[in-house]
Structure formats: structure tokens, C-alpha cells
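Colleague: Listed below, chain by chain, are the residues.
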Amino acid sequence: MYHKEKSIQIKSSASALYNNLSVLRIAPRCLTYFTVVHANVVNMVSASWDGLNYSHRQLQSKEGNVATSSSLIMQAAWCVLPSRDLLVLTSQKGIQMYESDGSIMVYWHALDTPETPTAQAVFARGIAAVREKYICVGTSTGSVLVFDVPAKGSNITLSEVLEEHKEPITDMASECSGSLECIADLVSADDSGLLCVWKSGEDFQLLNKIPGFDVSCSSVKLWKGTVAAGYGTGQIRLYEGVTGILYAEVNAHARWIYSLDIAPFTGLLLSAAEDSLVRVWHLSLTPETNSVEIEHMYNECVTDTQICGAKFCDGDGYAFAVTGYDLSEIIRYTQA
Amino acid sequence: MSSRTLPLLFINLGGEMLYILDQRLRAQNIPADKAKKADWLEEDRKRVMNDIITTMFNKKFLEELFKPQELYSKKALRTVFDRLAHASIMRLNQASMDKLYDLMTMAFKYQVLLCPRPKDILLVSFNHMDAIKDFVRDTPSILSQVDETYRQLIEIYTPLSAGEFQLIRQTLLIFFQDMHIRVSIFLKDKVQNSNGRFVLPTSGPVPCGTQIPGLIRMFSCTGEEVKRAQFRNGGNYTSALREGSFEMFGERVIKLGTNMYSVSRPVETHMSGTSKNSAQHTKVNTAPNPLAKEELNLLAKLMGGLEVQRPSNTDSGFRVNLFATDEEEEEALISRPEEFSYEVINIQATKDKQASAELQKIMGEFQEAGEPAPSSSSKGDDLLAMMDGL
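Protein chains in written order, with my numbering: chain A, 116 to 451; chain B, 31 to 420.
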């Protein structure tokens, strides 16, 4: 179904972090941006679609006035809003937001870090752009910070803090189908496997809590109201977001899942884990039975690699990209 | 990231170090015609192991180690192990120490990477602890220190969730990032490729709590299973083994962390053929480290627990060589590529001016730019006071 393309080299290797690949497609300029986190550095590559031009940039985690920091970055992801795209970095010290090409930092939010380290680690992790103007970021205390983002400029404000989770947030996702009919806008996941489903607004509203039975959920997506969740046990589960009804359970991987992605136009689902495997599935909604079916489509083994990031490069799922721990390249696959 | 990583890093690396030293001490040529001398060597081997283990499990040292804190820099950790390796009358040349450290780190990197579940890192740690306990089974005083450490490990780590263990594992993997030193014993056993990367099999038992991949179950809105499907998982997996014991005693089940060396399997490392990225990685560690004070505290506690050992005779009978011959050892030191130098901080645990000057210099290295001279900094005061008390 897919074949391997030429890899993109990156300046330093990928760290073993959940969802360690973010992709931004810029159609008007025939470019795709990729980011991969290495310890306290974010590697950004912009690749032209003709495969001829690559340009690299590295961003370091900053903290206010200090020029460089050894603060480790947990995640980097682009947030696509109607008016602008922002690159968000979450680290042990706080949250940084940059213009989409990484050129200017427009906002910095510091986390409360104690003077002496405590048993509980402090960091931010889990990034999602919601509806027209929100960027939501999770933290190690379980809080979800909701930032209000204006169409232009750096007047970003913290509008709300959602306190439902008690364990560190692992990942967050917003409804990616583009449909305005969906009630649920955001799903957040944590280390206990708890999933919270939200509706955005001036005040975010909690629609549902789906318990996790103490199995960590490391990656989550929301598509046409369906929550796709990947767990540390290697299982993928599909839930109806608002009601919490379980549609399907898949014994998908032999190790901890690190990344899920959905191609919104076709319903293709991508899963990747520490077991070296990337799998492609197909989700189909049957309106008659009001259920979602999942079908396995394809396997790709990235030999001797613990995969830490996997994303589709376009809305149809025609191509996808993969990163692995200790690998200094982004491996790409396109449909045969 | 995780503030609970350092004890596991230290104990596992220490365990690997003991396996290697034990193997090398046994392999040292024993003159066949001097039976008496052979006995002496056996006794000394045990003494060396006991001395190192006693230092490793020194109460004050462990107290410092178990405090929640960020991982040490590679430089500081290497220095801790340098001191530990010299906590007895055994002497190692620079090249042998470098090789020892390479082997220790690559072995533990392998164990962390191959752990089926993040929580299994604790079982790996118990494997090392079990072996250490066996090394000192004839010495009750050290045995009680080791038992105390077991209790601390159990108390701190058994309540942690899978997610917290994964964070510990991710922190360790960042520490080991870009290390691809080829280890002969790994290459021979086909667990490492010739490019230095470890083999990750897509076969064997799945971790505890995981099902063999292949089954898809679909449900109706009332919760009934309405459809099942199977898919080809692309591997050759078998059911999970039973879970290992997380108590002081018991079968650990996991083999990672057990002693893979024996007298007949010497180890060599190859320095060539690694990528430029390893040089890139050292850049990450040169940023000023605001937590350096904790590192210095640990070093001080470690030195405080040491008696300065002076070899009673000048012959090199107690020098341990990790290479097959002295010539090889010399050659290894000369030919070691620049990017692999560990930049060890040299500390002498002696009461003299040189020690204070050395420490002043170390504190100077840990200084953030623009701060006043070390003598007036409160950072170093308590450390100096500790040194004066030795």
C-alpha cells in the first residue's frame, strides 16, 4: 500500500517522547514543515514538495530572560487556527509559542517550578488548537491551560484552567474533521488512561469522562466525534466521545504506543509504537447502526527502531512520516 | 524530567561495573607455580569488590542519591564512577577506565531499551542488586547496607505508575542518546548491529499486561461484541511470561541485568564507525548547569566515605587492565577519538592545598557567567567546610 521514499536528514536525533513529530503543510508555498524534539532542542525542517530544497532551523527551550536553558522539551506541535499558525513548545519550565516558521517567539508562559525538585516531575505536555481561537496545553499536574489567541500579535492570554485530570496529561486533540456539527471539540488524555471530552467556549464544558483503568493513554485523536486512543499496553480503543460508548478495541501493538494520527478526509488511522511497527487502519462510520468500524490496512516495520512519532503528511493520508529514537532522519512513505 | 531517575541509573551502572571488574579480576594471570600467591589474589579480588560495594552503598551517599533531583551531567556521573572504581587498592589507567565506562553505559542502555515494560527497569535493577548481594554474601556488615537499599528501592519505586516509569525510561534514554559504541560481546550475540544500534526483535513474549497483536473486536452501543476480525501482525509473538517478583527475594523472570560476562568471554569495544551526531550531542551538556551544587554535594559525600587507599607495594600487581595487553591499553588511549573523551574531573581525596585548589577550579567550572569569585560564593562554602573536616 505504501513504499519508502527518500528520508529527510535532521540535525540531531529524535528523543523518546510521545508524539515526537509534527507536520505542517503549507500548500500556497508548496512546502511541508516538520519538527522533531531532541532533548532541549527542536529540529525544524522545511521541505519543498519537489524534493529539491530543504532548510533547517533549530529552536532551543527558552525561559524568559535566560538565553539558553537545559530545560528539556516534552513536545512541539503546530497549532492551526483560521487566522494564523503557531508553533507551540512545551518544556519542563513552561510553554513557548512561536510564529509558524520558528522565527519569533510571541508568547511565554512559565510553570510553577519549585525551588528544590519534588518527587512529582513538573512539565507541560499535550498541545491542541481548538476552534477559532484557543490553544490548549496540558501539564504534569493534570491541569489543562486554555489560551485565548488573537488573530494577530502577541496579546495571548490564559483564559481558563480546566481541572479534571489528576495525573499528568499525555496528549490532547481537537476535532479534526472540519465539521461544525460535532459537539465535542477537544479530548484530553492522561497517565491513568482517563479521557476527558470537552466543548469549547468562553467557559469550556466537560461533556464526558471515560475512565482508563490505570493504563496510560499516550496518544489521542478526535474525528467526527470519535475518540481514537492509544495505550501503553499496545491497545487502540475507539469511543464515541460524548456518550463514552466503546466502538472497538484492537490488540494493535506488542509495546507501548507512542503516536496516533488520523487523515480527516479518508478516515485512515496511523499507529506507531516502541515495537518498531507502524500500522495503517481504516475507520468507517455506518450511520444505520450508528457505529464505527475499524479495518487493518497495512504494516510497516522500521527495523530496530523504537518509533516515537508518526504523522500523515496530508489530509488524505497519501503520505506519512515517521521518527524513531536515536534516528537522525525523518522516514517518509507514500502510497504505491 | 523525572526526578527519580538517578538512583536507578547509579545502581544499574554500578552493577554492570562490578560484573566487568569481577570478570577482569578473575581473568588476571595467576602464576601457576605459586599456589599461595593465587590464594592471595582470590582474597584480594574479594577485598576489592567489598571495598567498592561498601562505598557504593554508603549511607550518606545513598541518602543524597535518593533525594528527588534531575539527572547529573555526563561529566559529573563519570567522575562519580571514577572515584568508585578507585575505592579500593585496585588501579585503572585512563584507557581502561574509559573502556569500563563505555561497557557499563552501553550495557545499561541496552537493558533500558529492551525492557518489555517501563516498570521492568525495576526488575533489571533487582537483578543487579541480587548479584551484588551475592558478591558480599560472606560479609554481614555490607550485606545489611545492601538490604537497606533494597528496602528503599521497594518503598520508592513499587508505588509508581506505569506512566511514571515510562517518564523515568524516557529520561534515561535522553541520557543515553546517540551512544552507539560497539561492544564485542553484543556483536557476537547478535544483539547489536555493526552500526552500533541494538537489535529490536519483533518476536518473543509480549510484556505483562499486553495481548499478542492481531485481534479487533467491535461492539454495539449496548456493549455486545458484534464483530471480530484478525490481522497479520508482521511479527512472531508469544504470550507474556509470568510477572517477576518486585520484592526483596524472588524470581525476577527478566534476564536483562544479569551477568553476561564470564572469564572466557573478554570484552572489547570499537571506537570507529560512529556518526558525527555524537559530537553534536556534547553541545547539549555545555549549558550552565544550575543544579551543579547537588552534584558537588554528592561527590563530597562520596569522598567523605572513602578511606584513601595506598597500594602497599609499588609493583603493578594490583593494576587492572581491561585490554588483553598493556600495549593494547596504551594504543587505545592514544587512538581514542576526541569526541569520546569523557573530560573527567580529577579529584584527590587528600587533605592538602591542592585539593582545595582543585575544588575551587571545579566550582569555577560550574559557575554561571558573571558570578563573583568562588571563595565568596555561598554555593561552595558548605562543600569546603566538608573538605576541611576530612
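Keep in mind that the hints were calculated from the coordinates and are not lab data.
In this text the structure is predicted, and so the values were computed from the model without any measurement.
Among the hints, a few may not be true.
[As the list claims (entries may be wrong)] Taking lysine to aspartate or glutamate pairs in the EDC-like style, the calculated list, with each CA pair at most 20 Å apart, reads: (1) Lys177(A) with Glu247(A); (2) Lys257(B) with Asp419(A); (3) Lys139(B) with Asp419(A); (4) Lys257(B) with Glu410(A).
[Claimed, not checked] Distance windows between CB atoms, simulated: (5) Pro231(B) with Pro197(A): 42 to 48 Å; (6) Phe380(A) with Val221(B): 49 to 55 Å; (7) Gly253(B) with Thr272(A): 41 to 47 Å.
[What the hints assert, rightly or not] From the structure, some residues in chain B lie toward chain A, with a derived Cβ separation under 7 Å: (8) Ser33; (9) Gly193; (10) Leu245; (11) Met248; (12) Cys251.
Beta carbons are placed, not taken as given, at the ideal position from N, Cα and C, and that holds for glycine.
Colleague: Enumerate the violated hints, using their earlier numbering and listing them in ascending order.
Modeller: Structure breaks hints 1, 2 and 6.
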